[in-house]
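2 protein chains.
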Amino acid sequence: MKYGIAIFPEKKIQDIANSYRKRYDPHYALIPPHITLKEPFEFDESRLQDATQHLELVSRETAPFETLLHKVSTFHPTTNVLYLAVQENESILTLHEQVNSGELFHERSYQFIPHITIGQKLPADEIHDIYGRLRMVNVKLTIRVDRFHLLYQLENGSWTIYQTFLLRG
Amino acid sequence: MKYGIAIFPEKKIQDIANSYRKRYDPHYALIPPHITLKEPFEFDESRLQDATQHLELVSRETAPFETLLHKVSTFHPTTNVLYLAVQENESILTLHEQVNSGELFHERSYQFIPHITIGQKLPADEIHDIYGRLRMVNVKLTIRVDRFHLLYQLENGSWTIYQTFLLRG
Numbered sequence: 009m010k011y012g013i014a015i016f017p018e019k020k021i022q023d024i025a026n027s028y029r030k031r032y033d034p035h036y037a038l039i040p041p042h043i044t045l046k047e048p049f050e051f052d053e054s055r056l057q058d059a060t061q062h063l064e065l066v067s068r069e070t071a072p073f074e075t076l077l078h079k080v081s082t083f084h085p086t087t088n089v090l091y092l093a094v095q096e097n098e099s100i101l102t103l104h105e106q107v108n109s110g111e112l113f114h115e116r117s118y119q120f121i122p123h124i125t126i127g128q129k130l131p132a133d134e135i136h137d138i139y140g141r142l143r144m145v146n147v148k149l150t151i152r153v154d155r156f157h158l159l160y161q162l163e164n165g166s167w168t169i170y171q172t173f174l175l176r177g
Numbered sequence: 009m010k011y012g013i014a015i016f017p018e019k020k021i022q023d024i025a026n027s028y029r030k031r032y033d034p035h036y037a038l039i040p041p042h043i044t045l046k047e048p049f050e051f052d053e054s055r056l057q058d059a060t061q062h063l064e065l066v067s068r069e070t071a072p073f074e075t076l077l078h079k080v081s082t083f084h085p086t087t088n089v090l091y092l093a094v095q096e097n098e099s100i101l102t103l104h105e106q107v108n109s110g111e112l113f114h115e116r117s118y119q120f121i122p123h124i125t126i127g128q129k130l131p132a133d134e135i136h137d138i139y140g141r142l143r144m145v146n147v148k149l150t151i152r153v154d155r156f157h158l159l160y161q162l163e164n165g166s167w168t169i170y171q172t173f174l175l176r177g
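Line by line, the protein sequences are chains A and B. Just add 8 to wherever you are in the first sequence, counting from 1, and you've got the numbering used here. Just add 8 to wherever you are in the second sequence, counting from 1, and you've got the numbering used here.
Derived from the structure by calculation, the hints contain no laboratory data. Treat the hints with care, since some could be wrong.
Said to hold, decoys possible - Result set (SDA-like, lysine to any residue): computed pairs, CA atoms no more than 20 Å apart in a straight line:
#1 LYS30(A) / LYS46(B)
#2 LYS20(B) / GLY12(A)
#3 LYS19(B) / ALA37(A)
#4 LYS19(A) / ALA93(A)
#5 LYS30(A) / ASP58(B)
#6 LYS20(A) / SER166(B)
#7 LYS129(A) / THR44(A)
#8 LYS30(B) / GLY140(B)
#9 LYS46(B) / LYS30(B)
#10 LYS20(A) / LEU56(B)
#11 LYS129(B) / THR87(B)
#12 LYS19(A) / ASP58(B)
#13 LYS19(B) / GLU163(A)
#14 LYS19(B) / PHE49(A)
#15 LYS19(A) / GLY165(B)
#16 LYS20(A) / THR44(A)
#17 LYS19(A) / ARG68(B)
#18 LYS19(A) / LEU38(B)
#19 LYS20(B) / ARG55(A)
#20 LYS30(B) / THR168(A)
What the hints assert, rightly or not - Residues of chain B placed beyond 12 Å of chain A at every Cβ, according to the derived structure:
#21 PHE73
#22 SER81
#23 ALA93
#24 SER109
#25 ARG155
Model, not experiment: these values are computed from the prediction. Just so it is clear, CB atoms sit at the ideal spot from N, CA and C, and this is done for glycine as well.
Just chain A, with the same shape it has in the complex (with noise of 0.2 Å):
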């Protein structure tokens, strides 16, 4: 089974993501905004509950954070990825490499970079015209991460959530 580790930020971030997401992303009705902490893994189902136990383990010992998010970017001319992005945080790079430990270990074949993707599967002329226009845009919302989700994936593409991991360090 495909999963998935994220965070959602408050729903008043969700609702400005979602007014860009609802024009510029076909995955808009796959998942609501998020920032991905562990990249869509397979895992076999019968171990879930290693999985579960390590994400326990991980959250019991994070403390919640603030995080900004602090203007619009894109992956562009890698993938063309619009996105809002979050500023330098060791918080959330150490909540990152800890997710992805043990159980959850994957090699990675490129670095973490953590945002809220706002825009995809563009054309390239329309991703440069927008682009153009949003990174002009002030952005300045402060993210308070207190929580993290486990998600599978359905065989349409969207995601159900598994469970909560509460930060409690």
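Assemble chain B onto chain A, guided by the hints.
Below, chain B alone, put in the same frame as chain A:
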């Protein structure tokens, strides 16, 4: 803010429900297939901790249980809803009662009938046709209920998970 409480059945059952919802349910993209444990309700965000403490208590005192989806049914003519019906089951009625108590008590104007919606807002003649076909389908799906989730609604009508509560009574 608008909150709701729901049970998500296992992936296999969600995929089956979605195969119908895709065609018959305009809420298909707003939330994964679910059993509503408490209908959407307004609740002051500032009192959210009271709500989660209440649900934490309920989940701690409730043992996991199994329940059976045993047929396709409809609320027509009351509302044009098609659903997978949960066979009479004391555990889920009790869980509903306990969730809907204390901090989260609301008067209800109708009986709680646990179900998974697979179609809604259908024209009356269509629902007749579709129900005529689907009532012949042999449904026998066991759901293991070992958790429920508190959700909140975004401005676009979609739902985000706030927290999972594991049944561990």
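A quick look at each hint next to the structure:
no. : hint                 : result
1   : LYS30(A) / LYS46(B)  : violated, 28 Å
2   : LYS20(B) / GLY12(A)  : holds, 18 Å
3   : LYS19(B) / ALA37(A)  : holds, 18 Å
4   : LYS19(A) / ALA93(A)  : holds, 18 Å
5   : LYS30(A) / ASP58(B)  : violated, 34 Å
6   : LYS20(A) / SER166(B) : holds, 13 Å
7   : LYS129(A) / THR44(A) : holds, 17 Å
8   : LYS30(B) / GLY140(B) : holds, 18 Å
9   : LYS46(B) / LYS30(B)  : violated, 24 Å
10  : LYS20(A) / LEU56(B)  : holds, 16 Å
11  : LYS129(B) / THR87(B) : holds, 8 Å
12  : LYS19(A) / ASP58(B)  : holds, 19 Å
13  : LYS19(B) / GLU163(A) : holds, 9 Å
14  : LYS19(B) / PHE49(A)  : holds, 16 Å
15  : LYS19(A) / GLY165(B) : holds, 12 Å
16  : LYS20(A) / THR44(A)  : holds, 18 Å
17  : LYS19(A) / ARG68(B)  : violated, 28 Å
18  : LYS19(A) / LEU38(B)  : holds, 15 Å
19  : LYS20(B) / ARG55(A)  : holds, 17 Å
20  : LYS30(B) / THR168(A) : holds, 16 Å
21  : PHE73                : holds, 18 Å
22  : SER81                : holds, 23 Å
23  : ALA93                : holds, 21 Å
24  : SER109               : holds, 22 Å
25  : ARG155               : violated, 7 Å
Hint violations for this structure: numbers 1, 5, 9, 17 and 25, all remaining hints satisfied.
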